[in-house]
Amino acid sequence: QVQLVQSGAEVKKPGASVKVSCKASGYTFTSYYMHWVRQAPGQGLEWMGIINPSGGSTSYAQKFQGRVTMTRDTSTSTVYMELSSLRSEDTAVYYCARVGIVLEGMDVWGKGTTVTVSS
Amino acid sequence: DIQMTQSPSTLSASVGDRVTITCRASQSISSWLAWYQQKPGKAPKLLIYKASSLESGVPSRFSGSGSGTEFTLTISSLQPDDFATYYCQQYNSYPWGFGQGTKVEIK
Numbered sequence: 001q002v003q004l005v006q007s008g009a010e011v012k013k014p015g016a017s018v019k020v021s022c023k024a025s026g027y028t029f030t031s032y033y034m035h036w037v038r039q040a041p042g043q044g045l046e047w048m049g050i051i052n053p054s055g056g057s058t059s060y061a062q063k064f065q066g067r068v069t070m071t072r073d074t075s076t077s078t079v080y081m082e083l084s085s086l087r088s089e090d091t092a093v094y095y096c097a098r099v100g101i102v103l104e105g106m107d108v109w110g111k112g113t114t115v116t117v118s119s
Numbered sequence: 001d002i003q004m005t006q007s008p009s010t011l012s013a014s015v016g017d018r019v020t021i022t023c024r025a026s027q028s029i030s031s032w033l034a035w036y037q038q039k040p041g042k043a044p045k046l047l048i049y050k051a052s053s054l055e056s057g058v059p060s061r062f063s064g065s066g067s068g069t070e071f072t073l074t075i076s077s078l079q080p081d082d083f084a085t086y087y088c089q090q091y092n093s094y095p096w097g098f099g100q101g102t103k104v105e106i107k
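Same order as they appear, the protein sequences are chains D and Z.
At position 8 of the first sequence the residue is numbered 8 (our numbering), and the sequence of numbers has no breaks.
At position 59 of the second sequence the residue is numbered 59 (our numbering), and the sequence of numbers has no breaks.
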């Protein structure tokens, strides 16, 4: 079945970096874009950016420009989201979600990865 | 950036009620709008895409309408499983943005 399996929870100190993985299975990896969305505790959903697994092109929300890097490994059908210079406000659940080329919404989501930033 | 505004922020309703949630975009997004349902501790679930298309497997009591800048999500007869938070999202242009959410509570 189609699924996105994310890496486990992380605890980081301020100023550090975190790299979250999202492994896709059950579909053709390069046929769907992958988005990253985060949710701070008790807050709403925040779009971070997109990667096209086919060519690797990316687009990031202005808020994260310079701090976020999204990459992919087509050999393992895995996308990665790395966020650097972490601060306490980056404490959140980070989700990957796929979107088809015909843009029919984010139809499959990972379960989320909790990233806690604390000294 | 396109701003998405949902109303109300919280809605109290009873099982069997007809519920309507509104989402407004700060500029036209044509029909590039999706609705999601999220329950505590879970990932969001896609309900509606392209403003009015029902995602496969989603009950027909959910429906979406609108275009341009005004959109609605309607639940025709609220069921116990529907108590959750609902988000709209525009995907007309980057950055894709979400509304702030509408929490549907038990009255």
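Hints in this document: simulated from the structure, not taken from any laboratory.
Where hints are given, some of them may not hold.
What the hints assert, rightly or not - Result set (EDC-like, lysine to aspartate or glutamate): computed pairs, CA atoms no more than 20 Å apart in a straight line: (1) Z:Lys-45 x D:Glu-104; (2) Z:Lys-45 x D:Asp-107; (3) Z:Lys-39 x D:Glu-82.
Hints, one by one, checked against the model:
Under the criterion of a C-alpha separation no larger than 20 Å, the hint pairing Z:Lys-45 with D:Glu-104 is consistent with the structure, at around 13 Å. The hinted pair formed by Z:Lys-45 and D:Asp-107 meets the criterion: a straight-line CA distance of about 7 Å does not exceed 20 Å. A C-alpha spacing of about 27 Å is found between Z:Lys-39 and D:Glu-82, which places the hinted pair above 20 Å, so the restraint is violated.
Of the numbered hints given earlier, the model fails hint 3 alone.
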